[in-house]
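Novice: Just so you know, the sequences run in chain order A and B. With the working numbering applied, the first sequence corresponds to residues 548 to 817, in that order. With the working numbering applied, the second sequence corresponds to residues 1244 to 1593, in that order.
These are calculated hints, taken from the structure and not from any lab test. A couple of the hints might just be wrong.
Covered stretches of chain A (chain B as the covering partner; in silico rule of three or more C-beta atoms under 8 Å from a C-beta of chain B) [claimed, not checked]:
hint: 1; region: 688-700
hint: 2; region: 727-738
Take a look, some chain B residues computed to stay more than 12 Å from chain A by CB distance [said to hold, decoys possible]:
hint: 3; residue: Thr1267
hint: 4; residue: Leu1324
hint: 5; residue: Leu1566
Glycine included, C-beta positions come from ideal geometry on N, C-alpha and C.
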Amino acid sequence: MTRRPVRPAADARVPVVLLVPALLGLALLLLPMVALVVRAPWGRLPEVVGSPEVLSAVRLSLTTATITTALCVVCGVPLAWLLARTNVPGRPLLRALITVPLVLPPVIGGVALLVAFGRRGLVGEWLYEAFGLSLPFTTAAVVMAQSFVALPFLVVAVEGALRTADGRYEDVAATLGASEWTTFRRVTLPAVAPGVLAGAVLCWARALGEFGATVTFAGSFPGTTRTLPPAAYAAINAGQVEVAIVLSLLMMAVSITVLVALRDRWVNTG
Amino acid sequence: MSLAAQLALARGDLSLDLSLDVGTGEVVVLLGPNGAGKSTVLSTLAGLLRPDTGRVVLDGVVLVDTAAQVHVPARQRQVGLVVQDYLLFPHLSAVENVAFGLRSRGNPRGPARATAARWLERMSLGGLEERRPHELSGGQAQRVALARALAVDPRMLLLDEPLAALDAGTRPAVRADLRRHLRSYRGCTVLVTHDPLEAMVLGDRIVVLEQGRVVQDGSPAELARHPRTGYVARLVGLNLLRGDARGRIVTLGSRAAVAVAHDASGPVHVAFAPAAVTLSLEQPHGSARNAWSGRVSDVERHGDLVRITVDGPVPLLADVTPLAVADLALGPGVEVWAAVKATEVSVYPA
Chain A
548 MTRRPVRPAA DARVPVVLLV PALLGLALLL LPMVALVVRA PWGRLPEVVG
598 SPEVLSAVRL SLTTATITTA LCVVCGVPLA WLLARTNVPG RPLLRALITV
648 PLVLPPVIGG VALLVAFGRR GLVGEWLYEA FGLSLPFTTA AVVMAQSFVA
698 LPFLVVAVEG ALRTADGRYE DVAATLGASE WTTFRRVTLP AVAPGVLAGA
748 VLCWARALGE FGATVTFAGS FPGTTRTLPP AAYAAINAGQ VEVAIVLSLL
798 MMAVSITVLV ALRDRWVNTG
Chain B
1244 MSLAAQLALA RGDLSLDLSL DVGTGEVVVL LGPNGAGKST VLSTLAGLLR
1294 PDTGRVVLDG VVLVDTAAQV HVPARQRQVG LVVQDYLLFP HLSAVENVAF
1344 GLRSRGNPRG PARATAARWL ERMSLGGLEE RRPHELSGGQ AQRVALARAL
1394 AVDPRMLLLD EPLAALDAGT RPAVRADLRR HLRSYRGCTV LVTHDPLEAM
1444 VLGDRIVVLE QGRVVQDGSP AELARHPRTG YVARLVGLNL LRGDARGRIV
1494 TLGSRAAVAV AHDASGPVHV AFAPAAVTLS LEQPHGSARN AWSGRVSDVE
1544 RHGDLVRITV DGPVPLLADV TPLAVADLAL GPGVEVWAAV KATEVSVYPA
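With the rest of the complex left out, here is chain A:
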């Protein structure tokens, strides 16, 4: 007997026991988003978006997320290559460790960053004493916090692309006299470019939405560390509901754009 894809029959009736929880779940997902759209101060939208605190949060978010993405590509692609193409000892463990930030609560990531790079931290103390460098609560800390949570997305995407790429092309390049670096640059990288691009977009989106690690390690100072999510949080706490709604709408628009851009790669549209 062959398996057939399950297709709804024309006269199918959905049992109530299934329909009610399904609709409840849908409502839980959709109502908040609908509420944002309904309650948005559409008339005063240009004014709110143009306000200094919103503009500064948008600018800071775009800058830091972009720097984070560049950093993650520069470090993450070689890291993925190391995992996929070499025999570094302890690779399975390394791979598991790299994916930890994917499931770790970001606040915990922030705490960990503070313990490592804070002025009294493992590395931070030495950095401060040797160079007078203090990372916490700076824009650099925002980038570090974002990188901590976003890098695994890029590594996982690129490693997947490397694993599915045909390694025999690299063999042919070797017989043609190409060095490892030339082979990586002219054969491997072009082959996994779509994977790198998808990973970078995902990484950028994750960096843009970062909140927990950022506020813990970098704080929420307007202009230097208050990116969009902390700004929304600060606005709602200060009772500026309109500002919070506008910031939320902006984030939602970005999320939807990313989903649409990556729909063929990551979302099964059935």
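Guided by the hints, dock chain B onto chain A, whose structure is given.
Specialist: Relative to chain A, chain B alone:
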């Protein structure tokens, strides 16, 4: 330039143990069934795989010597590799693919491209420089792959089933072309195939590999005449002759001609199976038949058939039943007539 290789390697089900010598300008074909270890030999020669034990010396340079812990990496071997699916870099144009090796060896972009373009010209691919691999036909892609391998002036050329990916229609022409290029190449060539016709057309010498061991090593004619295993007998069970075609007649030297079923012209290979040959003591009659007289020089039994070697203006092999051998009293020295239907004869450009 010459290659002397001894290799032993165990991998999964395969246990490879062989020695292989290739002379200057010689084309050695590794022929054998799937899983015989042919491609593994190529990978080891190319430097992509380390043998368990072995020694490979190319042109006086030791490439592999497991006893002395020598293993020259692939990129330093100057070995050209052409594989079945060609593996042209998909993001590079034809000319960039051919220039890749030259660029990797430090040649500047301009001169590398110019040299690559000349190679494409030589392969009759002029005008296709900027095509991407997916815009090339199978035969064109094969020639680009060959040009890419030859452009770096390799000391040895390794070809792994270079014609297997082509459809039956284009294969004869590409094969003839490949033969021409291999003839003009001065280094050692090792070509892997499972197709006996390809082996006979392209090889100066055929090394038959079965289960990781060499079972026979000789010229195509030797192999066909004196197969040493049943596998070789079945595999090289082919009469292969060279001649000049005009219309449906192929003249072989000055003394004989073969009638064929399709029009052809110029230098060709004529091939037919020994099983397609019928022997008789009297001259046979029938318009669609080729008939040549000759003398039996050898009678050898293979399984349930007997292979008869007939010498004459058209030297050939015939597979007949033991009953026919008895009926005709076939033995060395007996004068016979050999007949083949024109429709049983294949003609390929040489």
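Novice: None of the hints should be skipped; say for each whether it holds.
Specialist: Hints, one by one, checked against the model:
1. 688-700: With 0 residues in contact (Cβ-Cβ under 8 Å with chain B), the coverage given for the region 688-700 of chain A is violated.
2. 727-738: holds (count 5)
3. Thr1267: It holds; Thr1267/B is separated from chain A by about 21 Å at its closest Cβ, greater than 12 Å.
4. Leu1324: At roughly 4 Å from the nearest Cβ of chain A, Leu1324/B sits no farther out than 12 Å, so the non-interface label is violated.
5. Leu1566: holds, 51 Å
Of the numbered hints given earlier, the model fails hints 1 and 4; all others are met.
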